[in-house]
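Q: Read off the chains here:
2 protein chains.
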Amino acid sequence: MASDNTSPETPDPGTVRPGGRTARVRAAVLDAAGDALAEGGFAGLDLSEVARRAGVGKTTVYRRWGSTTALVADLLADMAEQSSPRSDTGALLDDLRANAHLVRTTLTDPRQGPLFRAVIAAATCDERTAHALHRFYEIRVAEWAPCVELAAQRGELPPDTDPHEVVRAVSAPLYHRFLLSGAPLDEEAAERAARAAAAAARAGAYRTTPGARCAIIEA
Amino acid sequence: MASDNTSPETPDPGTVRPGGRTARVRAAVLDAAGDALAEGGFAGLDLSEVARRAGVGKTTVYRRWGSTTALVADLLADMAEQSSPRSDTGALLDDLRANAHLVRTTLTDPRQGPLFRAVIAAATCDERTAHALHRFYEIRVAEWAPCVELAAQRGELPPDTDPHEVVRAVSAPLYHRFLLSGAPLDEEAAERAARAAAAAARAGAYRTTPGARCAIIEA
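Those protein sequence lines, which keep their order, are chains A and V.
Anchor point for the first sequence: position 129 equals 191 in this note's numbering, and the numbering is continuous, going up by one each time.
Anchor point for the second sequence: position 158 equals 220 in this note's numbering, and the numbering is continuous, going up by one each time.
Some clues are possibly wrong.
If we take Cβ atoms under 7 Å as the criterion, some of the chain A residues that face chain V in the derived model are [as the list claims (entries may be wrong)]:
1) Gly103
2) Gly106
3) His196
It should be emphasised that the hints constitute simulated quantities derived from the structure, not laboratory data.
For every residue, glycine included, the Cβ atom is placed at its ideal position computed from N, Cα and C.
My request is simple: use the sequences and hints to build the entire structure.
A: Here it is, written out as structure tokens:
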């Protein structure tokens, strides 16, 4: 697996702000890194090759990112920032449908699908990548959580529903197909994921008060 | 990534029957392969090293398995054969709880957890391993599907419920924690996975007749 030492001079990639040459270099390098990951996986990722693809000096890439794991962490931070905002249809099932549709189109995209596979595989054997991946999903789940909070406020769900768990429940069966069962990631699968999460949430399966949860589901 | 050519003389590993020296050699080699995967991942898997660990001749291992991907495929077939039979408590929620508990204890086991991580990572970049992994989950899901079929026969669920989808729904949020979010795989997570799958199934989210499904959930 490709790996380099992080130089102590490497700035925290999160501190690089948009605008100007710095932002353009970051965008070009992250694009090139994403392409390289999608094509060759994490094992084939190489900072010099990323610099060449991005048309950026090798020294710049080594100085700013320092290692392939730092580059992947910054790519995941950028992916979280760039990804689509949540929907707000006014109905829980429609919002969860929009979320399921977004997850499905991302995982079946010819560039994004292999890119996610590469990053998930890398996270299984690298702590820093695992941490960056957890953070990516944390940001995405937080983006969509208000759909569930608003549904609870509208009275569609029990008020003590854990919104993050409902959002994760929409993605989970789609990632299960993507990584484990190999079952098709079709519109039917996305629709079912949204409906199942909505139904379980309505039945109280994601309530944060265990006693209340038991009473409702076992009734 | 370690890889060797499959020799045309390699017997189909599935044809090796239990009993006798052949079975003992297979058991020793698969144990050693599982240990090696758990410790070093797929990239570090090496047939000679597996032979050494198993106390078996290198030639035997190369002749019978021929490649690391064939060895992993046979290991997954063996894991599916060896894994625990389904429960039969007479109540859907208790059966799904038993399944969630089994998935959780497997993924948090100090040997099995890293082994699953290694195989899932390998499947993201190797077709043959992906196929063996799909087959592994197919067998496990088929083992537990009767819990759902029996619940439908008892009238706990709509009769046209897809039993495989319900079983996969129990595992999906646990694997989501294991591979993506990093959230703890505790008993609370297993309990919630079982309850959510049962609630969604009762609400008709896994019915095979889309019209019927809409009518029930949107009512």
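Q: Give me the numbers of the hints this structure contradicts, sorted from smallest to largest.
A: 2
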